Amino acid sequence: MATAAQIPPIPAGLAREDLLDLYYYLQLTRALETRLTNLYRQGRVIGGLYSSLGQEGESVASAFALADGDVLSPLIRNLGAMLVKGAKPVEVLRQYMAKRTSPTAGREMNIHFNDLRLGYLGQISHLGDMVPVMAGIALTFKLRGEPRVGLVYVGDGASSTGAFHEGMNFAAAQRVPLVVIVEHNGYAYSTPTTRQSALARLADKAYAYGIPGVTVDGNDVVAVYEVTRTAVARARAGEGGTLIEAVTYRRRGHAQHDDQRYQSTDEIARWEANDPIDRYVAQVTRAGWVGSSELEGIDRRVQAEIDRALEECEDDPLPSPESALTDVYVTPSVTEELWFRRLNA
Amino acid sequence: MATITYRDALNQALREEMQRDDTVFLMGEEVGVYQGAYKVSRGLLEEFGPSRVVDTPIAELSFAGIGVGAAMVGLRPVIEFMTWNFALLAIDQVVNSAAKMLYMSGGQTPMPVVFRGPGGAALQLGAQHSQALEAWFAHVPGLKVVAPATPYDAKGLLKSAIRDNNPVVFLEGEMLYNTKGEVPEEEYAIPLGSAEVKRAGTDVTLVCHSKTVAVALRAADRLADEHGIAAEVVDLRTIRPLDVDTLVTSVRKTNRCVVIEEGWYFCGVGAQVVDELQREAFDHLDAPILRVTQADVPMPYNKLLERAAKPSPEQVLEAVRRVAYLER
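Chains as they are written, first to last, in numbering that gives the first Met the number 0: chain W, 0 to 344; chain V, 0 to 327.
These are calculated hints, taken from the structure and not from any lab test. If you're wondering where the values come from, they're calculated on a predicted model, not measured in any experiment. Where hints are given, some of them may not hold.
Claimed, not checked - Sample of chain W residues with no beta-carbon within 10 Å of chain V, all distances over it, derived:
| id | residue |
| --- | --- |
| 1 | Gly12 |
| 2 | Asp17 |
| 3 | Leu48 |
| 4 | His111 |
| 5 | Asp128 |
| 6 | Ser291 |
| 7 | Arg299 |
| 8 | Glu311 |
| 9 | Val333 |
To be verified - If you want a taste of the chain V side facing chain W, the calculated C-beta under 7 Å gives, among others:
| id | residue |
| --- | --- |
| 10 | Gly64 |
| 11 | Leu101 |
| 12 | Ser104 |
| 13 | Gly105 |
| 14 | Val139 |
| 15 | Asn164 |
| 16 | Glu305 |
| 17 | Ala307 |
| 18 | Ala308 |
| 19 | Pro312 |
Said to hold, decoys possible - Covered stretches of chain W, as calculated for chain V (at least 3 residues, CB under 8 Å):
| id | segment |
| --- | --- |
| 20 | 236 to 250 |
| 21 | 265 to 272 |
Heads up, the beta-carbon is just placed ideally off N, CA and C, and yes, glycines get one too.
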């Protein structure tokens, strides 16, 4: 380790505690997904299981650049972003196991749950659709004069949709405070990006909307944080949106059921050697910003937290069948006190 | 009581709700500077400014989704589609996002958004601009579907739709904008889910909504004059939730029923009405229920062809003569 005199300053305005927090969320994401995979193989997790292995860095680092009050909309591989925003491992486990106690009472799967008070909206499944919805949330912030920012994640595949284009165009034309992260992870299900777009840099799509487009190494945690922080500050200052292309790689198949035979083992191995967490650990320990023992302590804390979360919920009841029939409409449909005034009070 | 147009009744509802509640805002193509393709939003930009009357790009999928997002964080968006034909470009957001958000969130996230605009055939606008799509949206749990026939109903129902915490699909009749009717000066709202007997009668029930209310009323006049048949005209006003009680009460009295709609026959609104009535009023029916709908074709352009494809008072008369066993 370097001596105190040789320790370079931590970049991007990050404090030592931030570096430890970032590591905690990176490991929490990976460890929770690993546990979910085990549970899936045991038949205790049902439905689709989607892994963000190799992409945790950009999810965690970008969400870390947001402030309280900001709202993000994750994709299926953005568990890390939701955890940063305050989603709890026990909630995720309950969702996957379709428990009555899950945030959606067993109605929805995986990370399809939202908490707008904490600042995440995890309910929109159709690719690209979350762009106009988040543009609407960001427009609301703008109309109310609130210094809040929206952040929406889309994949390289979603950037081919009409909804992406229409949402981007509106957000840019109205200068709403929306940051868009295009996760360029190589594949839309099995279709490689080269067959999705003729662009070498997906960030170039930003030119079509008249907003800045930035490409960042999505496996460089500190770089993603820095780029997102700049875009968020710009949005908060009323200067409009930014499109960030985070270049990364999906090391697992689309979901557990996908054998990913279209991805070569060489390709996967190359990206394994470029793992965002390994790179981050090397960066922060070599510089002497944090010690290995501190990180090991976090590893133990993460495992204990997940053990505890599973213990807490594995025997939770399943929803009663009759509960399938409620919550289609709000009743009473008209309230004297408007629900959102309570929400925002 | 003032006599005003259906258009101005809608305009009054928007204005009054925007005055009452500063979270209500209007968004859509041409709604601001141009004051609406059908001038429903006349004067609103001037009164409320560009942050509450928002002109959008010609991109229905985006502004429907923007309405969904705004509703999730505390606004009450009124999203205007220039016509419901164009709303098909946005049906993904209406059906996949708006209708399901409350349920999928386990009851946490209400969706107080109104999607409104003209529907149904006008005059010689061709197949892609002449569709009555009520049945499409009414099929989806989570949506309420409203289709008013008169200025009075248009104003009272739009006010209720805006105050409702559920997503409401509000279909205005393109051919009704210039029709006039009495609208009181004082505040009122009509609850969603209540049908209305527009004309009382004892011999046959004519079920209708939106533009076909006028068709049914004209048929009722002629039935009285030409056959001495007293038809009861029941205007659904709201397609979902459907006011089954009012329908059953009427059919128990008249024992005969014809259902009229502008939409197509197959899986139409009338199919649902017939299903409810055969279950709830089976022993009160003296004849099978008949339906009068648009012909089962895309709407043709030529005037003669279009007239032949639209539901008409003549078709209603013929159906009534059949349910009354006056002809076979």
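Each hint, compared with the structure:
Non-interface call for Gly12(W) relative to chain V: holds, since the shortest CB-CB distance, roughly 28 Å, exceeds 10 Å. Remark: the non-interface label on Asp17(W) is consistent with the geometry, its nearest Cβ contact in chain V lying 28 Å away (cut-off 10 Å). Against chain V, the non-interface label of Leu48(W) holds: every CB pair exceeds 10 Å, the least being about 19 Å. Annotated as non-interface, His111(W) brings its C-beta within 10 Å of a C-beta of chain V; the closest such distance is 7 Å.
For Asp128(W), the requirement that its beta carbon stay farther than 10 Å from each beta carbon of chain V is not met, with the minimum near 6 Å. Under the 10 Å C-beta cut-off, the non-interface status given to Ser291(W) relative to chain V holds; the minimum distance is some 42 Å. A cut-off of 10 Å between C-beta atoms confirms that Arg299(W) is not in contact with chain V; the least separation is 33 Å. Even its closest Cβ contact with chain V, about 19 Å, leaves Glu311(W) beyond 10 Å, as expected for a residue assigned away from the interface.
At roughly 5 Å, the least C-beta separation between Val333(W) and chain V is not larger than 10 Å, which violates its mark as non-interface. Hint status for Gly64(V) relative to chain W: holds, with the closest Cβ pair at about 3 Å, below 7 Å. Residue-level restraint check for Leu101(V) holds (minimum Cβ-Cβ distance to chain W is 6 Å; threshold 7 Å). Among the interface hints, the one on Ser104(V) holds; its C-beta lies about 6 Å from the nearest C-beta in chain W, closer than the 7 Å criterion.
Satisfaction of the interface hint for Gly105(V) is found here, the shortest Cβ-Cβ separation to chain W being roughly 4 Å, below the 7 Å cut-off. Hint status for Val139(V): violated, given a least beta-carbon distance of 10 Å to chain W, over 7 Å. Given hint, Asn164(V) at the interface with chain W, holds; its Cβ is 4 Å from that chain's nearest Cβ, closer than 7 Å. The criterion of a C-beta within 7 Å of any C-beta in chain W is not met by Glu305(V), whose closest approach is roughly 32 Å, and the hint is violated.
Look at Ala307(V): its Cβ only gets to about 37 Å from chain W, farther than 7 Å, so that hint breaks. Annotation: Ala308(V) was flagged as interfacial toward chain W, and the flag is violated, the nearest CB pair being 32 Å apart, outside 7 Å. With 7 Å as the threshold, the beta carbon of Pro312(V) stays out of range of chain W, its nearest partner Cβ sitting at about 36 Å, so the hint is violated. Counting residues of the segment 236 to 250 of chain W whose CB lies closer than 8 Å to any CB of chain V gives 0, so the stated coverage by that chain is violated, three being the minimum.
Interface restraint, the segment 265 to 272 of chain W with chain V: violated (0 residues with C-beta to C-beta distance below 8 Å; minimum three).
Violation of the numbered hints given earlier is confined to hints 4, 5, 9, 14, 16, 17, 18, 19, 20 and 21; the remaining hints are satisfied by the structure.
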